[in-house]
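Number of protein chains: 2
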Amino acid sequence: MTNSEKSNQMANAIRFLSADAVEKANSGHPGLPMGAADIATVLYTKFLKFDPKAPHWPDRDRFVLSAGHGSMLLYSLLYLTGYEDIDIDQIKNFRQLGSRTAGHPEYGHAAGIETTTGPLGQGLANAVGMALSERIMNAHFGDALVDHYTYVIAGDGCLMEGISQEAISLAGHLKLNKLIVFWDHNNISIDGPVTLADNTDQPARFEASGWNSISVDGHDQDAIATAIERAKKSDKPTLIACKTTIGFGAPTKAGTNKVHGSPLGAEELAGARKALGWTSEPFVVPTETLDEWRLAGLRSAKEHTAWTERLNATDAEIRSEFERRMRGDLPGNFEATITAYKKKLSEEKPKVATRKASEMALEVINGVVPETIGGSADLTGSNNTKTSQTKGITPEDYGQRYVHYGIREHGMAAAMNGIALHGGLIPYSGTFLTFSDYARGAMRLSSLMGIRVIYVMTHDSIGLGEDGPTHQPVEHLAALRAIPNNYVFRPADVVETAECWEIALKSRTTPSTIALTRQNLPTVRDVHFDENKCAYGAYELATASGKAEVTIFATGSEVEIALNARAQLEKNGHPTRVISVPCFELFEAQSEEYKRTLIGDAPVKVAVEAAIRMGWDRFIGTDGIFIGMNGFGASGPIEELYEHFGITASHIVTAAEAKLK
Amino acid sequence: MTNSEKSNQMANAIRFLSADAVEKANSGHPGLPMGAADIATVLYTKFLKFDPKAPHWPDRDRFVLSAGHGSMLLYSLLYLTGYEDIDIDQIKNFRQLGSRTAGHPEYGHAAGIETTTGPLGQGLANAVGMALSERIMNAHFGDALVDHYTYVIAGDGCLMEGISQEAISLAGHLKLNKLIVFWDHNNISIDGPVTLADNTDQPARFEASGWNSISVDGHDQDAIATAIERAKKSDKPTLIACKTTIGFGAPTKAGTNKVHGSPLGAEELAGARKALGWTSEPFVVPTETLDEWRLAGLRSAKEHTAWTERLNATDAEIRSEFERRMRGDLPGNFEATITAYKKKLSEEKPKVATRKASEMALEVINGVVPETIGGSADLTGSNNTKTSQTKGITPEDYGQRYVHYGIREHGMAAAMNGIALHGGLIPYSGTFLTFSDYARGAMRLSSLMGIRVIYVMTHDSIGLGEDGPTHQPVEHLAALRAIPNNYVFRPADVVETAECWEIALKSRTTPSTIALTRQNLPTVRDVHFDENKCAYGAYELATASGKAEVTIFATGSEVEIALNARAQLEKNGHPTRVISVPCFELFEAQSEEYKRTLIGDAPVKVAVEAAIRMGWDRFIGTDGIFIGMNGFGASGPIEELYEHFGITASHIVTAAEAKLK
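Going down the list, the sequences are from chains A and B. Each residue of the first sequence is one higher than the last, beginning at 1 in the numbering used here. Each residue of the second sequence is one higher than the last, beginning at 1 in the numbering used here.
For the record, the hints were derived by calculation from the structure and aren't laboratory data. Everything numeric in this text was worked out from a predicted model, so none of it was measured. Incorrect hints may have been included.
Copies of the same chain are indistinguishable here, so a pair counts whether it falls within one copy or spans any two.
List of simulated lysine to any residue pairs, SDA-like, C-alpha gap at most 25 Å [stated by the list, open to error]:
1. K175 x N187
2. K356 x I190
3. K349 x F334
4. K49 x N8
5. K302 x G546
6. K595 x I625
7. K243 x H304
8. K302 x E657
9. K661 x R613
10. K571 x Q590
11. K533 x T339
12. K659 x T622
13. K232 x Q568
14. K175 x P203
15. K243 x E207
16. K506 x S4
17. K391 x I190
18. K274 x E5
19. K659 x D87
20. K236 x E207
21. K274 x A336
22. K236 x T654
23. K351 x E335
24. K595 x G621
25. K232 x T622
26. K6 x E531
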């Protein structure tokens, strides 16, 4: 075989593993793997720096299949290049319950899957975070330890999603020239030709956002290789627009939407075998071709060895710091620092907004945790996410620790996912809580992947005042609590805020959302600073003077109101407890006994939160009193709003006493 | 005064009304109104077709302030041109509770506010829907009745949001040449210069998406006028990039982020008065200038009269149809048609997926309701939103009724808002339920505005099977139910699906989300076809054979499972009721007695939904049995998934009987 024939057969191995797996599963997307096989072959055999025997090698190139429905492309590559996690049985069990080869690539299912993709555009935006991380880590640790590329295959759909614009304009702005995106331009979407819905000149669009663009025939492997070489020399991120035929090789369905999301069918698959000269049985790759692929998998082994030697030769302290960060461990002095800080707070009792409390906590945290990367979606002064240690990252100085993400909540969240996935850094960033709606697609993936991403969401209720209902979250706490594996914190004061930050940073497999106020709040926790009470999710903040007649559950800014109501109720002869509930999900993780005891059996149970009731029945039962919102907020000064919506201590007292009678 | 001096003073009237109102409220955004005052003055005095005395005139031009934080610009314009709803007291009460002049423009607060804006990018995307509606209505009713422009002022922030890309690429594709967008390019965002986070060449980006672009000095009123004239001649939508100075006139703060979101302060405001020669007291507009503005408000009165004459001269049937549609009334035969269709279904008892049931209902609806405009975010064959009556809208044929929205869920939802706001049309469109996350920013605004937008969300649970957890909603029903004023329907069969569609179409002030299955379901409603049972939100589908020991609440695909469990429980001697719960929000709207009776007092209450528990305690109490999901789904065949996650009739029976013992 000529070299060209060899590499064609290597691409065909991807095509038929993919088509055969889809056929056997009777479900899946053969079109993309067949169409993008040549791109993937060139990338994995000639360029990608990776070591299937050490798949977590920190300085590997990252590959992201943004068009996640083409998952069989990735699984085929992992099998062919020799990743242990994906053997031929995994390929045969594509899309079966319990297999690693899920319908869409799932992070954590197998090494070599760098991120979970499927929801379109997310992978591209993750890759921006990864490429940025590479530059940041490079600035911190130098070329010897960190010097790699991030490659993406994105489909027409990825580029239609709005998140792609946020991602590419951020990448262009930051001049992430080690980010190389292949656009699998097959011009087919589910409904038919892409031109049914879109006529964007994508290269021109990318160029307008500061990218380099190169157009090639996506089935000309030499042209693809030349394009990658050129891209690697660019001082900008590069789009390689690859004109491909979806379902390449399928005799009657190639180039149509019929091959996008359904098995080819026996006849069409046989026709493709004939057309491409692929004579092997299903799931069989000819030895010669498999050997070539396995050799490709060994290609970077030497480079890996050289890298390890460089690591070994690194100054011990730097090496140890690099390794700590890549493991994701926090510095040894972290806990003690937080405890000391809490002690100070419980003595000083500052009255500040929790967004300010968050800034104060971050000032302490950023001083001892050098791997935090802060940011904001253009609300820095409102989210209070910037501290003395963090300055804006620019193309001229990647060594800083703050990202001006711009007004791009969705792209920001997805980039944060990419930063967390890259390793070595802990991303946190903010917007207003109401705009979590914009970021939700990516926030869900933080939870699904189980990664340490911290969302700072300020202006967390009607307490923001005059900006009105578009800016006032009412359903967002419930909607975020609804996402599995998502810590939604709503701290009540400076101490709780510090505790929530401590938990968020320690939670390596759960993302956190910290909801914070615009308005000032008193310090209510002046004891127990030596224990992280928020880790219980809910705890007794104020005890009743006798057998409790009333228990009031509250979060965040409403804890102060609950305490005021308690004072009045106690005065009126009704022993009353106050339970602070900073995190529903952590509460559910406690023992049944803890939960039962904490909820208790006071005849009157009240929940107070300037948000909707959903979720609160868990604490107060269906016959409990809920003091909160029934609908959208309104524009006006904060005091008037709380009075208008009846979220006051006197409303609590009146309702509780009416029920006690 | 020269004409130029006059028009400068007219712009200054906007500037000082705005700055004075912000100053008095001690809150708000003076920068945009001061910067964009010249653009607005040219538009409202020379181009915009509007009649403040008849603000709902169907053929008025639409104006959308996408950069909603600059709300005082709009309020000033409405006051100055003589809209009754906004008098000087409203201006003085800017941002006060109960005023029409909320922090951000709120649709419904005052005539002339065409849409609610504030969350950035939404207004631009609404405008695409409005401009598309204009073309559709024009195709249906001709130039005599429908022939107007849609104008937008968008800020730097609007253009950074991903939704803007979805909007502009859709508008460019559809060649909506009567859409004219002013980009208030002041290069200032909250964090500082836009270049902190973005260096996009916006005109080039718009051109790449099929737009015409013109760049002007945003303070040169003649240049702005010339640009609009050119834009009106374009065969593409036009971006007019207006270089402006934020806070124009403020002596030390203009051109900086200090003037973006805070009052100027007394000294700076006095300085601006001096700099611009504005000698009036706060809230006073010199008579001559106010007269000029009021004259501008009368500018289109003649055109309005001519239009009314054309309407009167229109064929009676066409006129009546036009007026019916603009009122938003459904055709007279709508209810009878649905009832007849339900009767047929209850006899034929088809077993189909509810997404198919939705298509069947739509086939009937679209036959009698000519104003529905269907669509899908590139999942037409999966969402089943296309019927025999609807063909794709193209730039060559706007008279059709189906929009290929492309893979743009957020832009689609916002465009649907625009279509509903325009009037004359009822938008419905679909995606997978899990991707409601992408659309949520706009879906919330459907609810906040209270408009008739219908979201068809298919593949509504793990029942979609192999696509896996990225595509399987588990928290989305709860998260959508959390939004106030949002009907979330989950019908159980063909009959309920038809009923939910009927309610959705009749609900003029509440948007609807209809969650639909991929898998087939039997017809479970074979009686009561003559009443819309879904309108109760929850109703008894199967009665217990004696005093109920068990009540099972279920929705959608889990109703079949509940009925199977009931059969087994009854067989085992446990009288069991089944309650179908197609819509939580409608249930809550029923009388207390209905709700109490329906929930009943069976000793065992079970809720079954292939989703999380949140919200279900309302029905089953905190000690009820919930059969559903505790976390994310998995990739695999549907039957295995239901078994794996324990959502089966036998799990219900076992759990119920364990509790009965």
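We went through each hint and held it up to the structure:
no., hint, in the structure
1, K175 x N187, "between (28 Å within a copy, 20 Å between copies)"
2, K356 x I190, "between (48 Å within a copy, 18 Å between copies)"
3, K349 x F334, "within (22 Å within a copy, 65 Å between copies)"
4, K49 x N8, "within (21 Å within a copy, 62 Å between copies)"
5, K302 x G546, "neither (73 Å within a copy, 77 Å between copies)"
6, K595 x I625, "both (19 Å within a copy, 18 Å between copies)"
7, K243 x H304, "neither (33 Å within a copy, 52 Å between copies)"
8, K302 x E657, "neither (76 Å within a copy, 64 Å between copies)"
9, K661 x R613, "within (24 Å within a copy, 33 Å between copies)"
10, K571 x Q590, "neither (33 Å within a copy, 39 Å between copies)"
11, K533 x T339, "within (12 Å within a copy, 58 Å between copies)"
12, K659 x T622, "both (14 Å within a copy, 20 Å between copies)"
13, K232 x Q568, "neither (69 Å within a copy, 66 Å between copies)"
14, K175 x P203, "both (16 Å within a copy, 20 Å between copies)"
15, K243 x E207, "both (18 Å within a copy, 22 Å between copies)"
16, K506 x S4, "neither (51 Å within a copy, 64 Å between copies)"
17, K391 x I190, "between (44 Å within a copy, 16 Å between copies)"
18, K274 x E5, "within (15 Å within a copy, 79 Å between copies)"
19, K659 x D87, "neither (64 Å within a copy, 46 Å between copies)"
20, K236 x E207, "both (10 Å within a copy, 21 Å between copies)"
21, K274 x A336, "neither (68 Å within a copy, 58 Å between copies)"
22, K236 x T654, "neither (64 Å within a copy, 62 Å between copies)"
23, K351 x E335, "within (24 Å within a copy, 60 Å between copies)"
24, K595 x G621, "both (14 Å within a copy, 16 Å between copies)"
25, K232 x T622, "neither (62 Å within a copy, 59 Å between copies)"
26, K6 x E531, "neither (64 Å within a copy, 69 Å between copies)"
Taken one by one, the earlier hints fail for this structure at numbers 5, 7, 8, 10, 13, 16, 19, 21, 22, 25 and 26, listed in ascending order.
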